[in-house]
Each structure stands twice: as C-alpha cells, then as structure tokens.
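Student: Next come the chains, spelled out residue by residue.
There are 4 protein chains.
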Amino acid sequence: MKVGVVGASGYVGGETLRLLVNHPDVEIAAVTSRQHVGEYLHRVQPSLRGFTDLTFSELDYDRLSDSCDLVFTAVPHGTATDIVRALYDRDIKVIDLSADYRLHDPADYTKWYGWEHPHPDYLSKSVFGIPELHREEIRSAKLVSCPGCMAVTSILALAPPVREGLVDTEHIVVDSKIGSSGAGAGAGTAHAMRAGVIRPYKPAKHRHTGEIEQELSGIAGKKIRVSMSPHAVDVVRGILCTNHVFLTREASEKDLWKMYRQAYGEERFVRLIRDKKGLYKFPDPKFLVGSNFCDIGFDLDEDNNRLVAISASDNLMKGAAGSAIQNMNIMAGLDEMSGLRYTPLTPV
Amino acid sequence: MKVGVVGASGYVGGETLRLLVNHPDVEIAAVTSRQHVGEYLHRVQPSLRGFTDLTFSELDYDRLSDSCDLVFTAVPHGTATDIVRALYDRDIKVIDLSADYRLHDPADYTKWYGWEHPHPDYLSKSVFGIPELHREEIRSAKLVSCPGCMAVTSILALAPPVREGLVDTEHIVVDSKIGSSGAGAGAGTAHAMRAGVIRPYKPAKHRHTGEIEQELSGIAGKKIRVSMSPHAVDVVRGILCTNHVFLTREASEKDLWKMYRQAYGEERFVRLIRDKKGLYKFPDPKFLVGSNFCDIGFDLDEDNNRLVAISASDNLMKGAAGSAIQNMNIMAGLDEMSGLRYTPLTPV
Amino acid sequence: MKVGVVGASGYVGGETLRLLVNHPDVEIAAVTSRQHVGEYLHRVQPSLRGFTDLTFSELDYDRLSDSCDLVFTAVPHGTATDIVRALYDRDIKVIDLSADYRLHDPADYTKWYGWEHPHPDYLSKSVFGIPELHREEIRSAKLVSCPGCMAVTSILALAPPVREGLVDTEHIVVDSKIGSSGAGAGAGTAHAMRAGVIRPYKPAKHRHTGEIEQELSGIAGKKIRVSMSPHAVDVVRGILCTNHVFLTREASEKDLWKMYRQAYGEERFVRLIRDKKGLYKFPDPKFLVGSNFCDIGFDLDEDNNRLVAISASDNLMKGAAGSAIQNMNIMAGLDEMSGLRYTPLTPV
Amino acid sequence: MKVGVVGASGYVGGETLRLLVNHPDVEIAAVTSRQHVGEYLHRVQPSLRGFTDLTFSELDYDRLSDSCDLVFTAVPHGTATDIVRALYDRDIKVIDLSADYRLHDPADYTKWYGWEHPHPDYLSKSVFGIPELHREEIRSAKLVSCPGCMAVTSILALAPPVREGLVDTEHIVVDSKIGSSGAGAGAGTAHAMRAGVIRPYKPAKHRHTGEIEQELSGIAGKKIRVSMSPHAVDVVRGILCTNHVFLTREASEKDLWKMYRQAYGEERFVRLIRDKKGLYKFPDPKFLVGSNFCDIGFDLDEDNNRLVAISASDNLMKGAAGSAIQNMNIMAGLDEMSGLRYTPLTPV
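Protein chains in written order, with the numbering used here: chain L, 1 to 348; chain U, 1 to 348; chain F, 1 to 348; chain P, 1 to 348.
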C-alpha cells in the first residue's frame with residue numbers, strides 16, 4: 001500500500017513515519033511540509049537517518065491523489081479542515097491526526113474550540129478512530145479521525161463501567177497527567193521552566209473533554225458530563241489518566257475484572273494490569289514507551305464506593321501515531337498488529 | 001533556644017537541620033542517629049558541610065533533657081511512639097515529624113496503619129501542627145505532631161470551602177502527585193525505574209486519608225469521607241494536590257476568591273495564586289522549591305458545578321521541616337517567619 | 001535458531017529478550033534466573049507482557065545444551081567465569097555480556113578487577129565482540145564477549161585516527177557520560193539522590209579503560225594508555241564519549257571525514273553525524289534511544305591541534321544487548337540487521 | 001546600601017533579586033526591564049511573590065544615578081557595552097553579569113565574540129570578578145565583571161596547579177557539563193527535545209575558553225591555551241568541570257591536597273571535597289543547588305601522570321548572581337558572606 005504523510009515535521013508526523021518506515025506492508029510515497037520543501041526528511045526527523053532517503057515535498061493534492069492510497073494528515077488543529085476535505089473529495093482515504101474531524105456535532109467546535117467548523121457536513125463522514133469501540137465502522141471508513149491522546153486513554157478505561165450502568169454519571173472525575181511531547185514540536189516550554197513541573201493546565205473546560213463526553217454519551221445512550229483536569233508532568237512521553245467514578249451499585253473486584261476482561265480480553269492493544277508486588281502494580285506509562293498499548297487497571301475504594309479506573313499510554317503511540325497505524329491496518333484489511341509489534345522500552 | 005534532632009540522618013531530619021543551622025534564634029545542642037554515632041553530621045548530610053561541626057550522638061533521654069528546650073523527632077513511622085512519650089514525660093517540648101501522634105482516635109491507627117497505638121492516652125496531648133488551623137493550641141502545646149506532606153497540602157485547600165458548607169461531602173476527590181523525596185532516604189526506588197514514572201500508588205486507602213478526614217470532619221462538624229489517590233511523578237521535591245469538589249450551591253469565582261482571602265489573607269505561608277498569563281497561572285510546586293509556602297489557587301468548572309481547588313508545596317518544607325520550624329517559632333513565641341524567609345529557587 | 005538467556009532478570013537480560021521476542025529468525029528456548037524460578041518472565045520484565053508466556057527455569061547445563069544452539073549469559077561480572085566455561089565445554093555457542101572474557105591477558109583481570117581469572121586458558125578462545133573491528137573472527141567464534149558499553153562507544157570513535165597514526169598516544173582523554181541503567185538492576189542509587197547529578201565516578205582507573213587500551217593497542221601495534229573518566233548524568237539510557245586527542249600531524253576536517261567514511265561507510269550500525277543547524281549537530285544519545293547505532297562525529301580545535309571525536313550510543317543496545325544480537329546474527333550467518341531494524345525513539 | 005538591577009527579567013537577574021530581597025544590608029531601589037515596564041516584579045519572577053512590591057521601570061541613567069550606590073547589569077551579551085559605560089561615567093559602581101567587560105584585550109572580543117568592542121579603553125577599568133584571585137582589586141574597583149559560569153568553575157580548580165608549575169600547559173583538557181538554566185530565559189530548547197540529552201555544543205572554540213586562558217595565563221606568567229568542550233545535560237542548575245591535566249613532575253595525593261588547602265583553606269566559598277564513601281566522594285553540583293560554593297576535588301591517575309581536577313557549582317549562584325553579591329559585599333566593605341549564607345538544598 002502506498003501512503004503519504006501531510007505535515008511530517010512535527011512529533012506526531014515523525015512518529016507516524018517511524019512506524020511507516022518499518023511497516024512491512026507499506027511504501028511511503030510522499031511526505032509534505034511547507035517549511036521544509038526539498039530537505040531530507042532525516043534533517044528534520046533525525047531518528048529516521050539511515051532509514052529513508054525521502055525529501056519533503058509541497059502539499060499537492062493531485063500528486064497525492066496519484067501516488068497514494070491513503071494519506072495521514074498531521075497538521076495543527078484548525079488547519080486540517082480544508083486539507084482533509086480536499087483529499088476526501090479526491091477519493092483518497094484519510095486518517096486525520098488533528099482534532100478537526102473528531103466531534104460529530106458542529107456546535108461542539110464552537111463550544112470547545114471557539115471557531116465554527118467550515119465543513120460541518122463532513123463531520124458525519126468521519127469515524128472516531130478507536131478500534132476497540134468502532135472497529136466495524138473503521139473497516140469501511142473513508143475518513144478516520146484519531147482521538148486526542150488523553151481522550152482515548154480515558155475513554156478506554158471508562159467505557160466498560162459506563163456501558164454496564166455502573167457509573168454515577170454526575171460525578172465523573174478524570175485527572176490526567178501528560179508529558180511534554182503532547183505540546184507539539186512548535187509549542188513546548190523551555191526545559192529550565194518545564195523540568196520538574198507538576199503544572200495544572202485548563203483544570204476546567206479542556207478540549208478533550210468534548211471527545212470523552214461524546215463517546216461516553218454514545219455508550220450510555222444519554223448525555224454525560226465529564227470533569228476533566230489535565231496536568232503537565234516531567235516526562236517526555238506518557239499519559240496517565242486517573243478516572244475516579246462513584247458506583248451506582250455494589251461491585252466486587254472480581255466483578256470488575258470480569259467486566260474488563262469481557263470488554264478487552266480479545267483486544268491486542270489493551271492490556272489489563274494488576275500485580276500484587278513489584279513496581280508495576282497499576283498502569284504506568286513508563287512501562288509503555290514506544291509501544292501501542294493502552295494499559296488499564298483499577299483499585300476499589302469500598303469506603304467511598306469509588307472505582308479508580310487507571311489507564312496509561314504512550315501519547316505519541318496509542319495516543320496518536322500508533323492508533324493511526326492501527327486504524328490504517330483495519331481500513332486496509334491488514335493484520336491489526338502489522339507494523340506495531342513493538343514491546344515497550346524498559347527501562348527508559 | 002536550644003534544640004535537638006532525633007533521627008537526623010534522613011531527608012526530613014536533614015532539611016530540619018538545614019533550617020536550624022541558619023535560624024537566628026536557635027542553637028543545635030544535639031543530633032542523634034543510631035547508625036552514625038560519632039560521625040560528623042556533614043558526612044551524612046553533605047549540604048551541611050561548612051555550616052556545622054556537630055557529630056551524631058546516641059539517643060540519650062537524660063542528655064537531651066539536660067541540653068535541649070525542644071526536640072524534633074524525625075524517625076520512621078511506628079518508631080516514634082516510645083521516643084516521643086519518653087521526651088514528653090521528661091518535660092521537653094516535642095515536635096514530631098512522624099505519623100505517630102497525628103491521629104486523635106486510637107482506632108484510626110488500627111484502620112490506617114494496621115497496628116495498635118501503644119500510648120493511646122498520649123494522642124489527646126498532641127496538637128495537629130497546621131498553624132493556619134490550630135495556631136492558638138500550638139502556642140501552648142507541649143507536643144505538636146506535624147501533618148503528612150500530602151495531608152497538609154490538601155487540607156489547606158479544602159478547609160475554606162468545607163467550612164462554608166460549599167462542598168458536597170459525598171464526592172470529594174483528592175488526586176495528589178508527589179516527588180521521590182517523599183519516600184524517605186531509606187526507601188526510594190532506583191533512578192532507572194523511577195525516572196519518568198507517572199505511577200499510581202495506593203489509589204484507595206492511602207494513610208494520609210485519615211488525617212485529611214480528621215481535620216475536615218473537625219471543620220465541618222460531621223464525619224466526612226475523602227477519596228484520595230496519590231501518584232509518584234518525576235521530580236525530587238514537590239506536591240501538587242488537585243482537589244475536585246462539587247458545590248452544594250452556586251458560587252462565582254469572585255465569591256471563592258473572597259472566601260480564600262478571608263481564610264488566608266493574613267497568613268504568611270499561604271499564597272493565593274492565579275494569573276491570566278505566564279507559566280504560573282495555577283499553583284505548581286516547581287515554583288516553591290526550598291520555601292515554606294503552600295500556594296493555593298482554583299478553577300471553576302461551571303458545566304459540572306465543580307470547584308478544582310489546587311494546592312502545592314515543597315514536601316520537605318511546608319510538608320515537613322518547614323512546618324516543624326513554623327510550629328517551633330509559635331511554641332517559642334518567636335516571629336513565625338524566623339528562619340523561614342526563603343524565597344523559592346527558580347528555576348531549579 | 002534456538003537460544004537461551006542465562007541471567008534474564010536484569011536490565012541487559014531484559015533488553016536481550018526484548019530483541020529476541022521480535023527477532024524473525026529466533027526461538028527462545030530457555031530463560032534462567034536463580035531468584036525467579038517458575039515465575040512468568042513478564043512479572044520481572046513487564047515490557048514483555050503479551051509477548052511471551054515463558055517462565056524462568058533453573059540454570060541446567062544439560063537442558064541448555066539439549067535445547068539451545070546458542071546461549072547469552074547476562075550475569076554479574078565475576079559470576080560468568082564458570083558458567084561460560086561450562087557451556088563452552090558442552091559445545092554451545094556463547095555470547096557473554098559480562099566482563100569476564102573481554103580481556104585477553106589474565107594479568108589485566110588482576111589489574112582492573114582485583115581478582116585472578118580462574119580459567120585463564122579460555123581467555124584466548126574469546127573474541128572481543130565489536131563486529132566493526134572483528135567481524136571475521138566473530139563469524140567463526142564459539143565464544144564472543146560483548147564489550148563494555150562505554151568501551152565500545154569510545155573504541156569506535158578512536159579506532160580510525162589511531163589506525164592512521166594521527167593520535168598523540170600519550171595524551172588520550174576519554175570523558176564519558178552515562179545514564180542510570182548502566183548501573184544494573186540491582187545496583188542503582190535511589191531517584192532522589194540520583195536525579196540531577198553530574199557525578200564523577202572513578203575519574204581514574206575505571207575498569208573499561210582496560211578494554212579500550214587492549215583494543216587501541218591492538219590497532220596501533222603498540223601499548224597505548226588511555227585517560228578515561230566516566231560521569232553519571234540524569235538520563236536512564238545513553239552514553240556520550242567525548243574523546244579528546246591531540247594530533248601528531250595536521251589534518252583538515254575534510255581529511256577526517258574521509259577517514260571516518262572509509263572506516264565506517266559500509267557499516268550498518270555506525271552513523272557519521274554532523275549538521276550545521278538543528279539540535280543534532282553532533283552525536284547525542286537522546287537521538288539513539290532503543291536503536292543499535294553508534295553515532296560518531298567530531299569537531300576540530302585548530303588552536304590546540306585537538307580532535308574532539310564524539311560518539312554516542314544506547315548503553316543497553318549497542319552498548320550491550322544490541323551488540324549481542326548483532327554478534328549472534330554474524331555467528332549464525334544471518335543478515336546482520338535481522339531483528340535490529342529499530343529506529344531511535346524521538347522524542348523520548 | 002541602595003542597589004539597582006538592570007535587566008531583571010532573566011534567570012540571572014531573577015537570581016540576583018532572590019539574593020537581594022533577603023540581603024540584610026541592601027535596599028533594592030530600582031529594577032528595569034524594557035519589556036515589562038510597569039509590571040510587578042513577581043509577575044515575571046514568581047519566586048519573589050510575597051517578598052517585594054517593586055515594579056519594573058525603564059532604564060533611566062539619571063534616576064539610577066540618583067537612587068543607587070551600585071547597579072547590577074544582567075542584560076544579554078553585547079548589549080551591556082553601552083549601559084555599563086554610561087553608568088560608569090555617572091560614577092555609579094557597576095557589577096556586570098554579561099561577558100562584555102570580562103576580557104582585557106580588545107582583540108579577544110573579535111576572536112571569541114566576532115564583534116569589535118565599542119569601548120576598548122574601558123576594558124582596563126574592569127576587574128575580573130573572582131574574589132579568590134582578585135580580592136584586593138575588587139575591593140577598590142568601580143567596575144567588576146563577573147566571570148562566565150563555566151569559566152569560574154574551571155579556573156578555581158586549575159589555578160593552584162598552574163600556579164605551582166605542575167601543569168603540562170600544552171594539553172589542558174576542560175570537559176564541562178552544564179544545565180539548561182545556563183541558556184538564559186529567552187533561549188532554551190523545548191523540554192521534549194532537551195530532556196535526557198547529553199549534547200555536545202561547541203566542542204571547540206567555546207567563548208568561555210577566552211576567559212579561562214586569560215586568567216590562567218595571568219597566573220602562569222605566560223600564554224596558556226586551554227582545550228575546552230562543554231556539554232548540555234539534563235539538569236536545570238549546575239555545572240561540573242572535569243579538568244584533565246598532565247603533570248610536569250610527580251606529585252602525591254598528599255602534595256596536591258596541601259596545595260589546594262593552601263590556596264583555598266581560608267576561602268568561605270570554596271570547599272575541598274573528597275570522601276571515601278557515600279555519594280559525595282567528588283564534587284557534584286547536585287549537592288550545591290542554591291548555594292554559592294564552588295566545590296573542588298581531584299583524583300590522581302598515576303598510570304598516565306594525570307590529575308583530574310574536578311569542580312562544581314550552581315551556575316546561577318557562584319556562576320553568576322552569587323559571585324555578583326560576593327563581589328558587592330567586598331566592594332562595599334561588608335562581610336563577604338552577608339546575604340549568602342545559604343546551605344545547598346538536598347535532595348532536590
């Protein structure tokens with residue numbers, strides 16, 4: 001299969017390419033970047049040195065259309081709206097890594113992003129790219145929108161208990177912690193001011209809330225609100241979501257394990273974690289670096305009838321590029337693990 | 001004033017000594033450590049090199065009684081019970097930095113620590129050492145027990161809205177993040193396995209929950225339960241507590257600021273933080289390293305009627321040694337800021 | 001090919017297994033660990049969860065001999081001497097990851113390690129496992145000893161100019177910086193005391209000096225001494241060696257590039273790095289994490305007639321497990337890159 | 001004494017103010033910053049919140065002249081030339097923290113900085129601000145130029161053996177490692193690309209070389225060249241200089257200790273470090289954070305007749321603001337330790 005990557009100079013674009021250069025079923029036909037036209041890819045993405053001789057080209061829809069079966073768009077939020085539509089209209093399959101086609105309701109763009117979506121009729125064409133929830137739709141989709149990194153990590157932990165009606169939907173608290181690569185290649189704080197932080201940002205009204213509410217509401221069959229608060233911590237890659245929910249009825253640890261096993265027992269990229277000893281009793285993104293897993297575990301706080309559902313991922317992998325490749329594999333009828341058989345790096 | 005430090009080889013003991021060697025009103029009369037008798041203090045606490053020629057001595061109650069007006073005990077939890085009683089009985093003022101005299105109800109030791117307190121009748125003699133809540137009692141106390149580092153940081157953020165009856169006390173979620181120095185000098189994970197973690201530990205039933213419940217229940221005048229979950233993150237010093245509470249009635253940002261200002265406007269070691277721009281919009285322990293402040297801020301999530309009360313501290317300072325010195329100053333009738341006029345180090 | 005790993009519970013053993021579980025030409029027949037007999041591998045090496053159902057077995061030479069074509073020994077220095085000999089005598093190919101068979105001269109064990117080698121006659125049977133220097137010997141070797149992580153990184157940078165007679169061999173200064181995973185799983189300093197260090201250790205007489213001197217002396221055809229000083233820095237994986245040498249004759253940048261290209265132009269795991277802009281002007285282990293490359297670059301200090309030859313690697317990969325697999329591929333007649341086509345993770 | 005700070009928005013300016021707000025003998029009369037005129041100081045320097053109500057003013061020489069006895073200039077290199085001269089001409093004492101008045105020979109600005117110094121006749125008016133070498137000149141100076149952070153750290157370690165004629169001056173290798181705060185507030189690399197680096201920068205011809213050569217040449221009484229190579233490592237504050245020198249004659253460890261004790265035994269801000277056990281056997285900037293010490297130690301490599309002289313400092317303290325205050329104290333006839341009695345923070 002021939003693929004292209006539009007916006008290949010950022011972290012997410014770079015990670016997508018890292019996976020593509022070693023993907024056994026894929027040939028990279030084109031990479032574009034406005035700023036770097038003509039430059040060797042490895043000048044901007046040094047980890048690719050020795051793996052590809054590609055150079056950046058301009059964004060040319062006709063050329064992409066001629067040379068690619070599928071295109072990944074990894075451009076900043078707000079700039080993908082037109083690009084994705086143009087590709088879609090040329091009958092190229094698109095996997096979008098921005099937020100621009102994640103929300104189905106145009107009103108949500110006004111609410112969470114503060115701008116009107118210019119192509120609201122295309123929102124319904126887009127499938128929300130979590131295979132564990134929407135695999136069949138993804139299989140036949142022309143446009144898949146990969147979820148936000150914190151959103152997918154939370155949603156996977158919360159979907160099973162919400163589906164079971166176990167969750168008091170008035171008091172869902174999602175407390176997220178994320179590394180610096182989540183900020184994007186052009187947007188990071190300088191090391192001296194970012195090292196050692198435990199910094200709250202957007203404790204209320206963070207944009208990923210919209211995606212989480214959309215998906216959980218779909219599962220619950222009713223409008224659900226989520227109280228989400230993200231924090232920047234001192235790591236480059238990694239997300240931990242601590243999802244605090246209060247239970248509507250009693251449930252034992254055994255019941256909860258059974259529920260999670262039923263939900264994800266067959267899933268290749270969700271692992272259920274709980275150990276009685278060692279350093280990996282609960283999910284921790286340290287043990288996921290470079291892999292496409294979302295690890296899920298939980299603790300039960302009987303004193304408060306609280307389920308602490310804990311989920312972790314590598315924000316550039318399951319949180320972005322890894323999900324994108326997983327979606328591509330499904331759309332192309334490939335083995336879902338193809339090009340994604342990476343163990344985590346430990347220690348790192 | 002002459003003071004002693006029992007258990008001066010750990011991080012908390014070392015930090016207490018760091019403050020004492022430069023305290024204008026104090027002379028250090030004795031430091032003890034079982035393992036290091038006879039050694040120079042600076043061999044174990046290298047930061048003190050050049051500031052003191054003291055050597056470690058054995059724990060000798062009579063000698064302490066003769067030479068000290070006040071003793072700090074900084075020994076591991078469970079080992080302070082006898083030491084504190086022995087000092088108390090010799091009429092020495094004691095500031096205990098362990099957990100052994102924090103909880104007033106002996107049953108709480110069984111619940112949270114799993115052992116029976118050997119001297120339950122002494123628990124009522126101990127004042128819980130948060131000056132912002134118990135200053136008058138501390139002033140005349142013979143025994144003050146310094147609060148747990150995460151406990152004090154949460155309690156200070158939650159006390160005002162609980163006092164006002166603003167908090168839905170069925171759904172208090174305290175999500176804490178803490179650095180590696182919180183583990184103590186003898187207990188830390190090796191760097192390769194600790195660097196870059198976002199590791200949940202004790203997501204339910206963490207011991208500091210007991211202290212938070214005790215104090216908030218006292219303020220509310222009724223038994224309150226708290227859902228606390230701590231996480232280890234990659235920093236050495238620092239705590240952030242994200243205290244998610246649902247409001248019982250509507251409150252504006254302005255109302256909430258007023259409430260916090262009334263509670264802490266006169267306090268020297270609580271700072272109210274909120275900025276519209278820059279990197280320090282909300283509390284972040286990065287901007288507190290080495291200082292005795294607890295910084296408090298909040299965000300209001302009107303969609304969910306949720307108050308996100310955020311508090312930060314240096315766990316070895318306001319979370320331990322700094323609070324101890326603050327308590328000492330009050331007990332001794334000194335200026336409360338004496339020996340504690342440290343700005344945070346920034347950047348660090 | 002069927003392989004075994006003796007000592008599979010440490011970082012190096014874990015990294016070897018990480019590579020083996022995804023190696024297309026290999027089946028893992030046995031893993032041993034004294035402490036963990038009967039346990040699932042992924043309990044000790046959490047990154048392998050989902051990749052293998054192997055359990056640890058006891059070290060049983062006959063069973064290894066029956067089931068394995070080749071065995072990796074990844075046990076602590078000093079404990080491999082007997083194990084390697086026993087395997088060798090049973091006609092199993094061995095790749096040793098300890099220091100016990102690196103030095104050819106028995107006297108060097110007395111000098112650098114302080115103990116007498118119990119099997120000095122086996123030292124000559126061992127090939128020093130740097131394919132870029134000893135590929136032909138490795139191809140037919142029964143026993144290959146993988147070099148020390150700092151040693152291989154320095155040797156690769158220094159070999160070309162030493163071979164050319166360009167180096168003033170009286171004043172070779174090797175200043176190395178290394179991450180915490182180099183200390184091994186059982187030996188690390190706690191995070192609070194290791195984070196943020198720039199800590200010299202063994203500024204003189206570090207053990208890896210012996211290996212560097214052995215290899216460079218072999219190249220130079222005369223006894224060469226090296227002044228090596230390693231430092232611990234705050235990273236988990238990674239080595240940078242700054243090799244300062246003074247030139248015996250004038251050489252231009254162009255000459256030096258030509259020399260390095262001739263030495264390594266055909267090598268798959270050595271990359272020559274120099275860029276005029278960007279963050280990757282010189283080698284930096286940050287851009288090598290998880291890969292088997294040794295990156296080499298240099299700067300020329302004409303004022304002092306000094307060549308600063310700079311080399312970087314991932315200490316667990318090219319510095320240990322990656323080299324081991326590369327050696328295995330050569331010994332087994334496989335493609336040298338088989339199972340090693342990993343791009344670095346960036347950013348991480 | 002009344003002082004002003006010109007350029008108070010950066011890291012060095014902020015650290016200078018951190019020390020000044022708690023200095024017992026000083027009143028801060030003015031702080032200037034072009035970008036922040038009218039803003040509260042603590043908005044830009046959050047660690048000062050609660051310690052000062054000062055606002056930034058414009059740079060007005062007359063106002064500074066009226067209100068200040070002494071001014072610190074902490075502006076970027078190249079922009080201090082005119083400011084310092086203007087203040088000097090108004091008879092205000094100046095302590096300059098830029099590089100603009102460090103080098104005495106105008107030709108050195110062309111060589112190391114690539115620009116012509118506009119006021120070459122003022123260079124001879126400036127005293128190089130290392131009290132341990134130039135205390136008497138500083139006492140009566142009107143203009144003191146604080147040394148570069150890596151320069152002062154190296155010079156203090158090398159001065160004694162150079163003075164004794166022990167050093168082979170043809171092969172002095174200074175390998176430096178420095179944290180991210182050295183880059184300045186406006187110049188840092190984003191965290192995701194800076195975390196975990198061991199990055200060489202300017203392996204040859206780094207600017208601080210000029211200062212080191214100037215000072216060591218002055219001590220040796222002949223022109224000395226230095227081979228300096230700095231590296232960025234993952235820490236915010238801290239410098240380690242590994243100074244590798246070859247000895248011109250035999251010297252025992254005892255001789256070398258004696259030499260260092262004679263040089264620095266009376267110095268308050270130089271500590272000689274060597275321990276046989278523990279984590280602080282050699283200097284390490286981790287154990288200096290927030291303090292004004294330069295710690296010096298060494299190891300002797302008899303095999304190569306090499307002295308490894310190791311020195312460490314906090315680059316914002318002894319490497320910048322701490323030195324500035326120390327110089328101020330001397331110029332003003334105050335106790336040299338006044339306002340500088342800070343122990344290091346440990347652990348941090």
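Please note that a few of the clues may not be correct.
As the list claims (entries may be wrong) - Which chain U residues face chain F? A few, computed with CB under 7 Å, are given here:
hint, residue
1, Arg194
2, Ser217
3, Gly221
Stated by the list, open to error - Listed next, the in silico BS3-like pairs over lysine-lysine satisfying Cα-Cα at most 27 Å (straight line):
hint, chain 1, residue 1, chain 2, residue 2
4, F, Lys111, P, Lys281
5, P, Lys202, P, Lys222
6, U, Lys111, L, Lys205
7, U, Lys202, L, Lys202
8, L, Lys281, U, Lys111
9, P, Lys254, P, Lys277
If you're looking for bench data, these hints aren't it; they were derived computationally from the structure.
Predicted model only: the values in this text are computed from it and were never measured.
All residues carry an ideal CB built from backbone N, CA and C; glycine is no exception.
Student: Next step is simple, just say for each hint if it's right about the structure.
Tutor: Hint-by-hint comparison with the structure:
1. Arg194: 4 Å, holds
2. Ser217: Violated: closest Cβ of chain F sits about 33 Å from U:Ser217, beyond 7 Å.
3. Gly221: Hint on U:Gly221: violated, closest Cβ of chain F at ~40 Å, above 7 Å.
4. F:Lys111 x P:Lys281: It holds: about 22 Å lies between the C-alpha atoms, which stays within 27 Å.
5. P:Lys202 x P:Lys222: 26 Å, holds
6. U:Lys111 x L:Lys205: 38 Å, violated
7. U:Lys202 x L:Lys202: 26 Å, holds
8. L:Lys281 x U:Lys111: 22 Å, holds
9. P:Lys254 x P:Lys277: 19 Å, holds
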